[in-house]
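Q: The residues making up each chain are set out below.
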Amino acid sequence: MAGNFWKSSHYGQWIISEERVLEGHERDSKSLSVDDVKKLHIFFANFIQALGETNKLRQQVIATATVYFKRFYILNSFKSIDPFLMAPTCIFLASKVEECGPIPIQRLITVCSSLIKSKFNFAMTNDFLYRPQHVLECEFYLLEMMDCCLIVHQPYRPLTTYSESLGPEVLNTAWHIINDTLRCDVILTHPPYLIALSALHMSSVIHNNENAMKWFSELTISIEKITQVSQQIIQLYELWRGFDEKKEIPGILFRMPRPRMSHSGSLSGSRCSTPSGMR
Amino acid sequence: MNPMNKYEKLEKIGEGTYGTVFKAKNRQTQEIVALKRYRLDTEDEGIPSSALREICLMKELKHQNIVRLQDVLHSDRRLTLVFEYVDQDLFHYLESHKNTGVNPTKVKKFMYQLLKGLAFCHAQNILHRDLKPQNLLLNANGELKLADFGLARVFNVPLQSYSNEVVTLWYRPPDVLLGNKRYTTSIDIWSAGCIFAEMATCEPLLPGIDEEDQLLKIFQLVGSPTEDSWPGITRLPRYSNISGFPPKPIANVVPSLNTTGLDLLLKHLKSNPSHRISAEEALLHEYFTSS
Numbered sequence: 000m001a002g003n004f005w006k007s008s009h010y011g012q013w014i015i016s017e018e019r020v021l022e023g024h025e026r027d028s029k030s031l032s033v034d035d036v037k038k039l040h041i042f043f044a045n046f047i048q049a050l051g052e053t054n055k056l057r058q059q060v061i062a063t064a065t066v067y068f069k070r071f072y073i074l075n076s077f078k079s080i081d082p083f084l085m086a087p088t089c090i091f092l093a094s095k096v097e098e099c100g101p102i103p104i105q106r107l108i109t110v111c112s113s114l115i116k117s118k119f120n121f122a123m124t125n126d127f128l129y130r131p132q133h134v135l136e137c138e139f140y141l142l143e144m145m146d147c148c149l150i151v152h153q154p155y156r157p158l159t160t161y162s163e164s165l166g167p168e169v170l171n172t173a174w175h176i177i178n179d180t181l182r183c184d185v186i187l188t189h190p191p192y193l194i195a196l197s198a199l200h201m202s203s204v205i206h207n208n209e210n211a212m213k214w215f216s217e218l219t220i221s222i223e224k225i226t227q228v229s230q231q232i233i234q235l236y237e238l239w240r241g242f243d244e245k246k247e248i249p250g251i252l253f254r255m256p257r258p259r260m261s262h263s264g265s266l267s268g269s270r271c272s273t274p275s276g277m278r
Numbered sequence: 000m001n002p003m004n005k006y007e008k009l010e011k012i013g014e015g016t017y018g019t020v021f022k023a024k025n026r027q028t029q030e031i032v033a034l035k036r037y038r039l040d041t042e043d044e045g046i047p048s049s050a051l052r053e054i055c056l057m058k059e060l061k062h063q064n065i066v067r068l069q070d071v072l073h074s075d076r077r078l079t080l081v082f083e084y085v086d087q088d089l090f091h092y093l094e095s096h097k098n099t100g101v102n103p104t105k106v107k108k109f110m111y112q113l114l115k116g117l118a119f120c121h122a123q124n125i126l127h128r129d130l131k132p133q134n135l136l137l138n139a140n141g142e143l144k145l146a147d148f149g150l151a152r153v154f155n156v157p158l159q160s161y162s163n164e165v166v167t168l169w170y171r172p173p174d175v176l177l178g179n180k181r182y183t184t185s186i187d188i189w190s191a192g193c194i195f196a197e198m199a200t201c202e203p204l205l206p207g208i209d210e211e212d213q214l215l216k217i218f219q220l221v222g223s224p225t226e227d228s229w230p231g232i233t234r235l236p237r238y239s240n241i242s243g244f245p246p247k248p249i250a251n252v253v254p255s256l257n258t259t260g261l262d263l264l265l266k267h268l269k270s271n272p273s274h275r276i277s278a279e280e281a282l283l284h285e286y287f288t289s290s
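Residue numbers (numbering that gives the first Met the number 0), protein chains in the order written: chain A, 0 to 278; chain B, 0 to 290.
Read the hints as simulated data drawn from the structure, not as lab findings.
Values in this document were obtained by computation on a predicted structure and should not be read as measured data.
Just so you know, even glycine gets a beta-carbon here, dropped at the ideal spot from N, CA and C.
Where hints are given, some of them may not hold.
What the hints assert, rightly or not - Label pairs and their calculated CB-CB ranges:
1) A:Ser-216 to B:His-274: 39 to 45 Å
2) A:Ser-28 to B:Asn-1: 35 to 41 Å
3) B:Glu-7 to A:Ser-28: 58 to 64 Å
4) B:Ser-48 to A:Glu-143: 17 to 23 Å
5) B:Glu-10 to A:Glu-143: 24 to 30 Å
6) A:Glu-143 to B:Gly-231: 45 to 51 Å
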């Protein structure tokens, strides 16, 4: 969604420090290593992507949903709410915020359970247990935890603005890089324009595009800032390359702390917290 | 604990299709607030899109001239938005000044604040879309605040058509009445112009009874547009030939405004939306800079 980034709640309340992100990754360290948590985030980003694509949602909606998911689990334990419930909830909320009309909730749940039985059958042995009322209840937790800051600025818009002078080849690769960054934390820690520039820079190097390199040398933004972000993206690619999702995820999910379901079927995870000091 | 217990309801102050507005008191701080309660009756939608839209936008709009969203509460299938309470709205203010008129200095102060709030929204790419005296709140310190963003939206989402039913008829610009669906900030500028004149005279500027009459009243006031003054007008969906009206001398219609005020007013009331002044430019107008 649009608006002035520098006056937005995204900039004012939701650029999270790297220390805080690390704290988040270490929250469940009794049973999950930092790399386990990073891999879980890759897995659930893939899951949200598949959920969005099956529901024919725009990439912008999928990206917003993924950011919601990340914000939630950087500040809360996996124990607070089952991420398999949170993922469709993020899609549900993002689809309303991005104004593509709400997805019928029953359909969302059907898509969820069929994905779990097909493409993601390696991750879960039992069926998808959640009902519409769980998503609706979870939606409130999510809204509250984010302190109602729902508008997320994405790198796509700045990307298209910058790349006008750089040509379609560079743009196309950069676009894919940005999609990939949804699997790491740069979108939480850095402003979207910087991620866009970093993706463009990587793309120009890949294509050995001299024109683009010249364009970068004329920018007023320090190249160090851009490469800092690129470093993080490269780290993601390194982790991702060595990550055998089908083999590793079942074990990680098994170790992941989960909330208990009560008899009445309502969510009984420990109440999620609102980030202190973020209000 | 039910979060609603934090507030003591005092009286109902409004009712709409979305739900109800109450005046209430924070039991701890004694602060007076407005509670806007949304019904969550459709089982499947969860938090209604209209409420989400308002929450989203209000979170991005923190400005002295925009009413502040303080909190969002939910309990037993209800969603409540907690806003700062403002004593009066411009509609009732003008009503109570019918006999005396509003002091010209006050008109200038109100208009300046209206444009300030609007400039802030527009810089955030947010359109209000429903400006009218009822949605402009006035507190005891003479501060004016834009309220009721239930119809507002971010304007460069990739959707072309907005509902035609937005914007109360009297404040609706001719481009919207003619079926132009590409809304821009100019829609709020037209409404602001109508409100400007209404503050000066305490009478609505263009009180049409239906859409056709509204267009007629507009063109009788500002003159009929032509393909020259507004290229493309004849191709608008609901264009019908209302030609031949010359513009009325505006000084006769709004006699209490000075020359610079009238000039500013006319810059708001351009039929062609692309000719209308922006809120940012309007703030720099001579009307405000000269004493």
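Q: Against this structure, judge whether each hint is valid.
A: Going through the hints against the structure:
At roughly 42 Å, the beta-carbon separation of Ser-216 of chain A and His-274 of chain B lies within the given 39 to 45 Å, and the hint holds. Against the hinted window of 35 to 41 Å, the Cβ-Cβ separation of Ser-28 of chain A and Asn-1 of chain B comes to about 36 Å, which satisfies the hint. Distance hint check: the CB atoms of Glu-7 of chain B and Ser-28 of chain A are about 45 Å apart, inconsistent with the given range 58 to 64 Å. A hinted range of 17 to 23 Å holds for the C-beta pair Ser-48 of chain B and Glu-143 of chain A, which are about 18 Å apart.
At roughly 28 Å, the beta carbons of Glu-10 of chain B and Glu-143 of chain A sit within the given window of 24 to 30 Å. A beta carbon spacing of about 47 Å between Glu-143 of chain A and Gly-231 of chain B agrees with the range 45 to 51 Å that was offered as a hint.
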